[in-house]
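Listed below are the residues making up each chain.
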Amino acid sequence: MTSTAKLYAAAPTQRRARAKTDTVQLAIACVLIILSGLIPDLAGNDYWTLSFQLVNLFIAVAALQNLLMHDAGQTSFGQGAIFGVSAYCASVVASTYGLPYWQAACCGVLAAVLAGFLYALPSLRVQGYYLGFVTMSAATVFPEMLVAANRYTNGINGITLNFSALHERTALGVSPMTLMVCGIACAVLAAHVLLRRTALGRRLRVAAISPEAAQSLGVSPGLMRCLAFLIVAFGTGIVGTLYTPVVGFISPAAFHIDASILFFLAVIVGGRGHILGTVVGVWVLYLLPNILLAELAQYRLLVYGAVALVVMLLMPDGIVGTFERWRLRRRTSQPLQSVGLERLLEFHRGPGAAGEKPGAVTGNAIDVRAATKRYGSVSALDSVDLTVRNNHIHGLVGANGSGKTTLLNMLSGFSRLDSGSVRVAGQEVRSMPAHRIARLGLGRTFQKPRIFSTMSLWENVEIGIDAAHKHTHPACLLAALRQAMEEGNVELVPHGQRRLVELMRVVLKGSDIILLDEPAAGLSPSEREQFKKLLCRLRDELGKTIVLVEHDLELVWGIADTITVLEAGKMVAHGSAAEIVDNPFVRKLFIEPTHA
Amino acid sequence: MFDELAIVVIRGIGLGAIFALIAMSMNVVYGATHILNFAQGNMFVLGGFVAVAATPAGQNLSLWLVLVPVAALVLALVVALQGWITLIPLRHSVEQNSWLITTMAVSIMISATLLLVQGPWAATARSPIPPLTMFGVRTPGPYLALMALAIFWFFALRWFLQRTLVGLAVSALSQDLEAARAAGLKVRQLQLLAFAISGLVVGSAGFVAAPLMSISADTGIRYVLNGFVAAVIGGMGSNVGAMVGGALVGVVSMLAIYFVGGEYQGLVSLLLLVGMLLIRPEGLFGQASARRV
Numbered sequence: 001m002t003s004t005a006k007l008y009a010a011a012p013t014q015r016r017a018r019a020k021t022d023t024v025q026l027a028i029a030c031v032l033i034i035l036s037g038l039i040p041d042l043a044g045n046d047y048w049t050l051s052f053q054l055v056n057l058f059i060a061v062a063a064l065q066n067l068l069m070h071d072a073g074q075t076s077f078g079q080g081a082i083f084g085v086s087a088y089c090a091s092v093v094a095s096t097y098g099l100p101y102w103q104a105a106c107c108g109v110l111a112a113v114l115a116g117f118l119y120a121l122p123s124l125r126v127q128g129y130y131l132g133f134v135t136m137s138a139a140t141v142f143p144e145m146l147v148a149a150n151r152y153t154n155g156i157n158g159i160t161l162n163f164s165a166l167h168e169r170t171a172l173g174v175s176p177m178t179l180m181v182c183g184i185a186c187a188v189l190a191a192h193v194l195l196r197r198t199a200l201g202r203r204l205r206v207a208a209i210s211p212e213a214a215q216s217l218g219v220s221p222g223l224m225r226c227l228a229f230l231i232v233a234f235g236t237g238i239v240g241t242l243y244t245p246v247v248g249f250i251s252p253a254a255f256h257i258d259a260s261i262l263f264f265l266a267v268i269v270g271g272r273g274h275i276l277g278t279v280v281g282v283w284v285l286y287l288l289p290n291i292l293l294a295e296l297a298q299y300r301l302l303v304y305g306a307v308a309l310v311v312m313l314l315m316p317d318g319i320v321g322t323f324e325r326w327r328l329r330r331r332t333s334q335p336l337q338s339v340g341l342e343r344l345l346e347f348h349r350g351p352g353a354a355g356e357k358p359g360a361v362t363g364n365a366i367d368v369r370a371a372t373k374r375y376g377s378v379s380a381l382d383s384v385d386l387t388v389r390n391n392h393i394h395g396l397v398g399a400n401g402s403g404k405t406t407l408l409n410m411l412s413g414f415s416r417l418d419s420g421s422v423r424v425a426g427q428e429v430r431s432m433p434a435h436r437i438a439r440l441g442l443g444r445t446f447q448k449p450r451i452f453s454t455m456s457l458w459e460n461v462e463i464g465i466d467a468a469h470k471h472t473h474p475a476c477l478l479a480a481l482r483q484a485m486e487e488g489n490v491e492l493v494p495h496g497q498r499r500l501v502e503l504m505r506v507v508l509k510g511s512d513i514i515l516l517d518e519p520a521a522g523l524s525p526s527e528r529e530q531f532k533k534l535l536c537r538l539r540d541e542l543g544k545t546i547v548l549v550e551h552d553l554e555l556v557w558g559i560a561d562t563i564t565v566l567e568a569g570k571m572v573a574h575g576s577a578a579e580i581v582d583n584p585f586v587r588k589l590f591i592e593p594t595h596a
Numbered sequence: 001m002f003d004e005l006a007i008v009v010i011r012g013i014g015l016g017a018i019f020a021l022i023a024m025s026m027n028v029v030y031g032a033t034h035i036l037n038f039a040q041g042n043m044f045v046l047g048g049f050v051a052v053a054a055t056p057a058g059q060n061l062s063l064w065l066v067l068v069p070v071a072a073l074v075l076a077l078v079v080a081l082q083g084w085i086t087l088i089p090l091r092h093s094v095e096q097n098s099w100l101i102t103t104m105a106v107s108i109m110i111s112a113t114l115l116l117v118q119g120p121w122a123a124t125a126r127s128p129i130p131p132l133t134m135f136g137v138r139t140p141g142p143y144l145a146l147m148a149l150a151i152f153w154f155f156a157l158r159w160f161l162q163r164t165l166v167g168l169a170v171s172a173l174s175q176d177l178e179a180a181r182a183a184g185l186k187v188r189q190l191q192l193l194a195f196a197i198s199g200l201v202v203g204s205a206g207f208v209a210a211p212l213m214s215i216s217a218d219t220g221i222r223y224v225l226n227g228f229v230a231a232v233i234g235g236m237g238s239n240v241g242a243m244v245g246g247a248l249v250g251v252v253s254m255l256a257i258y259f260v261g262g263e264y265q266g267l268v269s270l271l272l273l274v275g276m277l278l279i280r281p282e283g284l285f286g287q288a289s290a291r292r293v
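Quick note, the sequences are listed as chains P and U, same order.
If you use the working numbering, the first sequence closes out at 596, no skipped numbers anywhere.
If you use the working numbering, the second sequence closes out at 293, no skipped numbers anywhere.
Just so you know, the hints here were simulated from the structure itself, not pulled from any lab data.
Be aware that one or more of the hints could be misleading.
As the list claims (entries may be wrong) - So these bits of chain P aren't anywhere near chain U, every CB distance computed over 10 Å:
(1) T140
(2) A148
(3) L194
(4) Q298
(5) L302
Claimed, not checked - If you anchor each label on the Cβ, the simulated ranges turn out as follows:
(6) U:A156 with P:P494: 50 to 60 Å
(7) U:Y258 with P:L121: 23 to 33 Å
(8) P:F117 with U:I279: 44 to 54 Å
(9) U:W84 with P:K448: 29 to 39 Å
(10) U:W121 with P:E144: 13 to 23 Å
(11) P:A521 with U:R163: 51 to 61 Å
(12) U:A182 with P:R325: 26 to 36 Å
(13) U:L284 with P:L287: 16 to 26 Å
(14) U:A182 with P:D582: 36 to 46 Å
(15) P:R436 with U:I279: 20 to 30 Å
What the hints assert, rightly or not - Partial list, derived from the structure: chain P residues whose beta carbon lies under 7 Å from chain U:
(16) I268
(17) A308
(18) F452
Here the structure is a predicted model, which is why all the values come from computation and not from measurement.
In this text, a Cβ means the ideal position worked out from N, Cα and C, and glycines have one as well.
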């Protein structure tokens, strides 16, 4: 026992480890960017000044791709085209139409956002490397289109724009161009870190990792993907407008598919999701071959490919990613995490609490009539009726394959009925998308708990708070929960507790109706007793309506107000626990040991 | 007008045969490993490079015929080696998408090697097959040879995957990898075999198509993307789909080149791809897969 106490004492010093990693990496990255930008300029070396300005621009674009790929989960092999769209549009407007460059830059950014939107459209239908290949095709077509439209773009001859004023060194010894480029690169990285801490950032990540969990929290994954593409395109557009000022010349050859592939490789080779990863990736893949092989220019491409291959074979998580994993493994082991759902309930007791009045609403929470769903010739649901009253615990039992999970999926909107009607909280939801149903006040947990190891324990709960549209929680409650879970590591939470985390998230979301899909699976007998008490308290103190799909009949008969029994898609018994215990179908369930 | 259309369509089908062959080779690897071999385009170009290296074959038909299987075997070895490299990190890392990078990296390295060996110019090869007249249209030999090769490989793969024991084992991988492993199949070896077979297909295709393509460092990407479009339109994993998709992409590309201009070929492929993905993401002959919630 003393060893556990000592470990607990050590825990506070490891608080906020995850957020700290981001900040530390951001600091290192910014230092590297600023040093690499300023030193050549101060030394007066024009070649290296220009090279590092270009490198820092690439770092900014790669950092945005990092955001798109890791935080939003979208595979894009075509960010180079968006970079090019913005650069070219700005250059064409400035040279052909003679507008001042800042106006041309606005046009460039607008064009980039439009291109980002075009990328977002296929992402609504396909994901993964399919989306990658679509974006890659677009990026391959882009320089060809630039050449084809040579009336406007001057084709392969390119456009020259003079920005020598920005390249002159001021009294400080550095040119305004260097400062702007370093500033933009650092700003992009900082924006990435900040986005991760906002509700939008968390929603993007949930939508990326698990679209169902996102929908159950009222977040539309399609909208999140579009937003991600638009935000990243906006940022890439701003960076792109700096390309021509840096280089002084723009031609289609600069935006060959190789540029897009470089950005993608830089993110992965550096370590996807890590802030420092993009800096390392761009340096290793772009700078190193160019420096080391300055004389042997024809070998650059081969070395670049070989480096990418070798790094991937040795360090599949990327350079920074592998380093981080090694570093985390060396930390002292932490005790198992326990989740305190009781804390949540204590805060809701008493008059000054979150304003949820138990038992005030009458009528039915859920009304299902003649629900039918067929998969081919198999009837998953055959004309099922279900009425769940408010402020009740309703058990749903039956053998495997009887249609319980199908019914749950219908209620939450993840499947559609073939016929029949479903009313939740008084509204017909038969054709409503899942995230809209979630906003009506429906929350659910899944058979496999959707707890994400890429987020901290507190963040896993915080996404529930983000989803609370109509309820506000007292600040002291949030502070207390945060303090308890801030240092939590999801991987140390035992399986039975993970479901409690999910339940906590659902309760904090403010769901009035909670659907639980086999919540007791994996719980020990004493944990089941606690769980029964917990559900009763949720019903009595917080006024929740609970639908419980379970195999543990003893648990269900212990706490349910009403029970529905399904068999082979049909409803065979419905009533209170005492009423239906004599029903022959129910007796059949009890003949086996108390798990159906 | 009709004559011109006939010329374009027949050449389109010939071009489509190339895309179909690349798509079929991608299907073999995809089925066994769920990897889309990005380097397939450059492997195809390498097959053409073998034809360039063996220039006397351009004059002598029998020598050329003998060299087709040789080119196929050479590429089978190269692709199997690439497959082995690609599969190494998948054994023991969390990052299951490393194959994207490794196949891309290999593709880049092949491009770079081609650039080093022959410079930025494109090499060409000659075909010993004389032009034939079909439907009153004079078509260069390679187009017809490619159509024949595509049909040959379609039936050969079908026979192999459905009638031989080894082929059935490879098929099993594409249906359920875990069950295959549990049934005792040597998954890794079968996957390498799949890579080798894809090398046979793509090597022979490259060798036969050599007179038609410009063999340079840049062309690989174009072929792999068009092959991917053909595979997606037909339905990933379906060889019937690959043949149909390839023909479709080939004909539409040729029509676009003829009516609008060569630089729009890429755009037309892209529009076909996006159109199919928006209307029917699983392709013409593919099966939609559902996710369990």
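Hint numbers the structure violates, sorted upward? Failing hints, ascending: 1, 2, 4, 5, 8, 11, 13, 18.
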